[in-house]
Amino acid sequence: MSTARAKWIEALNTGDVSKITFEGVVPFGGGEVLRYRLENGLQVRLLVDRSAPVVTYFTWFGVGSRHEKLGKTGLAHLFEHLMFNETESLKAGEFDRKLEENGAESNAATWLDWTYYYESLPADRLSLAVELESDRMAHLVLREPQVASEKEVVANERRFRVDDDIEGAASELLYKTAYTVHPYHWPTIGWMEDIQNFTPEDCESFYRTYYAPNNALVVICGDIKEKDVLAKIQKAYGPIPSSEIPLENTHPEPPQLEERRVAVRKPTPTEKLYIGFHGPALGDADHVHLTVLNEILFGGRASRLYRALVIEKEFVSDLRGWVATFRDPGLYELHFTARPGKTAADIEGVLARELERAKTEPISDDELVRAKARLELSTLQSMETMSGKAEQIGFYETVLGDASVSFRRLEDYRRTTAGDVLRAARRYLVDRARTTIHVQPEEAATSVEAAE
Amino acid sequence: MTTRIELEGGTLLFVEESHAIPLVEVVVSTRSGSAHDSVEKQGLFRTMLGMFRRGARDLTSHQIEDALDRLGSEISLDVNASISTMYGQVIERNLAPFIELFSTLLESPSFPEDEFGRLKREIVADLIGARDNDRALAQRAFRRGVFRDHPYSRSAAGTIPGVESLTTDDARAQYRKHFVKGNLVIGFSGDISLEAAERYARRIIRDVPDGPRLQDPVPPPSPIPGRRLVFVDKPERTQTQIVIGQLGTSPHDEDHIPLTVANAVFGGTFTSRLMREVRSKRGWSYGASSRLGIDRQRHSFAMVTFPAATDAAACIALQLELFTDLVEKGITTRELAFIKRYLARSYAFEIDTASKRLHQALDVDLLGLPADYYSGYVAHVEAVTLEQANGALKNRLTTRDFLVSIVGTASEIEAKVREAIPELGTHDVVPFDRD
Numbered sequence: 174m175s176t177a178r179a180k181w182i183e184a185l186n187t188g189d190v191s192k193i194t195f196e197g198v199v200p201f202g203g204g205e206v207l208r209y210r211l212e213n214g215l216q217v218r219l220l221v222d223r224s225a226p227v228v229t230y231f232t233w234f235g236v237g238s239r240h241e242k243l244g245k246t247g248l249a250h251l252f253e254h255l256m257f258n259e260t261e262s263l264k265a266g267e268f269d270r271k272l273e274e275n276g277a278e279s280n281a282a283t284w285l286d287w288t289y290y291y292e293s294l295p296a297d298r299l300s301l302a303v304e305l306e307s308d309r310m311a312h313l314v315l316r317e318p319q320v321a322s323e324k325e326v327v328a329n330e331r332r333f334r335v336d337d338d339i340e341g342a343a344s345e346l347l348y349k350t351a352y353t354v355h356p357y358h359w360p361t362i363g364w365m366e367d368i369q370n371f372t373p374e375d376c377e378s379f380y381r382t383y384y385a386p387n388n389a390l391v392v393i394c395g396d397i398k399e400k401d402v403l404a405k406i407q408k409a410y411g412p413i414p415s416s417e418i419p420l421e422n423t424h425p426e427p428p429q430l431e432e433r434r435v436a437v438r439k440p441t442p443t444e445k446l447y448i449g450f451h452g453p454a455l456g457d458a459d460h461v462h463l464t465v466l467n468e469i470l471f472g473g474r475a476s477r478l479y480r481a482l483v484i485e486k487e488f489v490s491d492l493r494g495w496v497a498t499f500r501d502p503g504l505y506e507l508h509f510t511a512r513p514g515k516t517a518a519d520i521e522g523v524l525a526r527e528l529e530r531a532k533t534e535p536i537s538d539d540e541l542v543r544a545k546a547r548l549e550l551s552t553l554q555s556m557e558t559m560s561g562k563a564e565q566i567g568f569y570e571t572v573l574g575d576a577s578v579s580f581r582r583l584e585d586y587r588r589t590t591a592g593d594v595l596r597a598a599r600r601y602l603v604d605r606a607r608t609t610i611h612v613q614p615e616e617a618a619t620s621v622e623a624a625e
Numbered sequence: 023m024t025t026r027i028e029l030e031g032g033t034l035l036f037v038e039e040s041h042a043i044p045l046v047e048v049v050v051s052t053r054s055g056s057a058h059d060s061v062e063k064q065g066l067f068r069t070m071l072g073m074f075r076r077g078a079r080d081l082t083s084h085q086i087e088d089a090l091d092r093l094g095s096e097i098s099l100d101v102n103a104s105i106s107t108m109y110g111q112v113i114e115r116n117l118a119p120f121i122e123l124f125s126t127l128l129e130s131p132s133f134p135e136d137e138f139g140r141l142k143r144e145i146v147a148d149l150i151g152a153r154d155n156d157r158a159l160a161q162r163a164f165r166r167g168v169f170r171d172h173p174y175s176r177s178a179a180g181t182i183p184g185v186e187s188l189t190t191d192d193a194r195a196q197y198r199k200h201f202v203k204g205n206l207v208i209g210f211s212g213d214i215s216l217e218a219a220e221r222y223a224r225r226i227i228r229d230v231p232d233g234p235r236l237q238d239p240v241p242p243p244s245p246i247p248g249r250r251l252v253f254v255d256k257p258e259r260t261q262t263q264i265v266i267g268q269l270g271t272s273p274h275d276e277d278h279i280p281l282t283v284a285n286a287v288f289g290g291t292f293t294s295r296l297m298r299e300v301r302s303k304r305g306w307s308y309g310a311s312s313r314l315g316i317d318r319q320r321h322s323f324a325m326v327t328f329p330a331a332t333d334a335a336a337c338i339a340l341q342l343e344l345f346t347d348l349v350e351k352g353i354t355t356r357e358l359a360f361i362k363r364y365l366a367r368s369y370a371f372e373i374d375t376a377s378k379r380l381h382q383a384l385d386v387d388l389l390g391l392p393a394d395y396y397s398g399y400v401a402h403v404e405a406v407t408l409e410q411a412n413g414a415l416k417n418r419l420t421t422r423d424f425l426v427s428i429v430g431t432a433s434e435i436e437a438k439v440r441e442a443i444p445e446l447g448t449h450d451v452v453p454f455d456r457d
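Protein chains in written order, with this note's numbering: chain Z, 174 to 625; chain B, 23 to 457.
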């Protein structure tokens with residue numbers, strides 16, 4: 174047994190809550206989130222909620238695909254898989270087995286700005302999550318067989334989500350085309366060639382750099398006792414040393430000065446359009462305003478584009494709009510699936526008219542009321558489960574450093590005016606900052622510029 | 023504990039209170055579904071239900087959608103062979119006007135001709151668009167192959183000719199037959215009192231005519247003999263979608279819970295046999311699972327994987343080997359002890375929201391499940407013996423007769439896939455864009 178491991182086990186039995194700093198309270202709906210920090214930098218957020226005898230345990234790491242380098246794309250995501258493998262004290266498969274034996278649900282996710290892991294457990298099994306998560310933060314084993322096997326799994330995940338999936342492939346191409354400098358250029362799952370070339374050394378280096386308490390946030394939500402939980406956290410995580418997190422050296426994406434268009438052919442029965450306008454960062458005040466505009470354009474069957482493209486013209490069978498929720502400026506994404514016999518040109522004509530209208534005419538009071546009510550409903554829906562609440566807390570803490578934003582956004586939606594929406598439309602619906610991916614059915618494609 | 027109240031005319035009401043979030047869920051189900059569609063008019067039930075938001079009393083479709091948004095509410099539909107459901111959810115402060123609107127949609131749909139034509143064209147476009155979804159294509163081929171001429175073989179969404187043949191008279195007739203008091207079940211969950219729920223439920227059925235609960239027209243399905251392959255041919259597939267299975271069990275079978283337990287060992291968890299052998303050891307597929315379908319009659323047992331095209335044949339061979347081993351040798355004492363702990367302890371997540379508790383109560387009534395199917399679930403699981411679990415595997419599953427459905431590129435891998443299935447009887451290759 175290594176010395177570090179022995180010290181860690183010893184410390185597990187001598188946890189001292191007095192070493193934890195209380196950093197205040199954040200209002201969260203009708204309750205409050207308690208903020209703490211350990212000496213090694215680990216941040217802890219607690220929300221006591223006794224509405225069900227369960228507890229959810231999220232661990233967020235401040236690392237995502239934006240922290241990768243060219244040639245090593247997909248490492249953050251591959252690493253998420255590796256975290257379910259061996260530790261110095263647990264054989265392969267035992268992590269999941271212990272959780273399942275105790276009735277837990279668990280999973281993980283990686284995206285551009287972050288990675289998270291979660292367990293939802295019966296409330297009396299919380300200790301197990303503390304034990305397992307602290308163990309794999311400090312004692313993961315990264316050897317060739319595990320890395321090789323997980324590379325295959327991830328390659329299959331890529332085939333499933335991207336290579337054989339039209340939306341996945343088009344979305345990847347959209348970001349690849351819209352971003353030239355910023356790391357949002359590459360997909361979180363990584364390029365296939367990069368996935369297949371990772372070595373255990375790549376993984377070990379990544380782990381030692383980013384999987385440290387000072388780059389992590391633990392969110393616990395449920396039927397918990399604050400003092401008991403803190404004692405457990407201190408015992409388990411207190412001895413884990415912090416690491417030196419490298420300064421992030423991301424270049425901002427330069428302004429896009431002309432529209433970019435790419436056409437691809439796929440085995441699909443109908444044409445599709447994936448459009449991205451360079452949009453605001455999550456923390457930008459206009460993120461709220463553009464989100465309200467998106468509801469007016471795409472939210473529900475009374476929205477402008479649903480009415481125009483589905484009801485009146487019958488040009489599309491599916492359409493969606495989404496304002497990316499990224500730390501740095503993301504895309505405002507618009508997706509359209511044409512009906513059989515209809516073309517991208519049909520859709521783009523209607524779209525151009527509606528986008529121009531959004532930039533020239535203030536929205537009506539009725540539209541504003543509808544959009545705000547829909548956003549209030551979706552905010553409340555995201556809080557229906559214990560894991561939903563914990564995810565909201567962790568997401569806003571990790572991306573913006575403040576859990577209360579999730580509820581503050583509701584207030585921001587309520588305060589939004591027609592003038593705010595008009596300004597956001599003019600700022601972001603700019604043709605020169607637009608990227609378009611046009612998917613054509615293979616047999617119907619004519620002059621097609623092949624994607625790289 | 024979900025409260026059950028019998029209303030006038032035979033409508034049942036279930037209420038599950040929770041004041042954690044200011045949201046209310048409203049559910050109205052019929053005790054009948056797409057199994058009542060004729061073979062020629064597949065998709066009728068779902069199309070009929072879809073018309074509820076396309077016009078009611080003097081409200082146009084646009085006015086309905088506008089009102090739903092303004093209230094901070096939404097409605098959605100779910101139709102399967104045995105049940106149809108209209109879900110609503112609303113911010114609590116707007117519950118009263120929402121119930122008025124919801125009731126109007128249910129009691130007075132106007133079936134305007136222009137909206138009916140528009141809806142049919144939307145559904146046809148969706149059916150064509152679904153060809154982009156490889157997983158759905160594999161599931162459809164599996165369902166059709168396992169149930170063949172039985173109503174469970176059909177999709178509630180219907181077929182293109184079926185939907186195109188529908189008329190508003192068909193929809194009105196279907197509506198009049200199914201939306202009668204004795205055939206309805208109502209549920210409320212969330213931020214609502216029992217008294218208010220009862221009052222609103224009475225409002226919902228106020229103008230619904232009296233009528234009987236409808237009988238289920240679905241007979242028990244029969245197993246289809248032999249080992250069969252349906253290959254759904256789609257170009258440029260780097261990956262396959264595979265479903266392998268046969269008939270499974272009915273919730274009324276004595277060995278239903280023992281089979282559920284044994285299936286969980288085989289493919290119901292992240293550390294199950296299938297996941298361990300296919301994903302963890304070989305890295306062949308991102309996921310590998312097995313599941314038992316539940317309906318009023320015996321439903322399906324299915325293994326689901328999605329390996330790379332180059333690994334598909336080997337993966338099928340491995341799955342068949344693992345399946346044979348399961349049926350012939352059963353599960354072990356250790357596996358049984360482990361899975362019983364998992365199923366009993368994870369049950370907390372089956373009942374951790376008011377909505378989940380409500381839907382359990384609705385399922386018991388609507389599917390005619392044993393009364394203690396959920397309330398006694400943990401005790402039933404804990405009582406399962408090794409003999410019962412292994413006996414259920416032998417009684418309900420067979421290594422002799424099964425169907426393999428796969429979506430892939432036939433010119434590249436079909437021959438290898440056939441070779442991977444010993445004693446294969448029939449095999450068909452169907453284009454992915456054939457209905």
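No lab work stands behind these hints: they were computed from the structure.
Glycine included, every Cβ here is placed at the ideal spot set by N, Cα and C.
Errors might be hidden in some of the hints.
[Stated by the list, open to error] Only part of the chain B face toward chain Z is listed, based on derived beta-carbon distances under 7 Å:
#: 1; residue: Arg92
#: 2; residue: Ile113
#: 3; residue: Glu114
#: 4; residue: Arg259
Verification of the supplied hints:
no. : hint   : verdict
1   : Arg92  : holds (5 Å)
2   : Ile113 : holds (6 Å)
3   : Glu114 : violated (9 Å)
4   : Arg259 : holds (6 Å)
Hint 3 from the list above is the single one not met by this structure.
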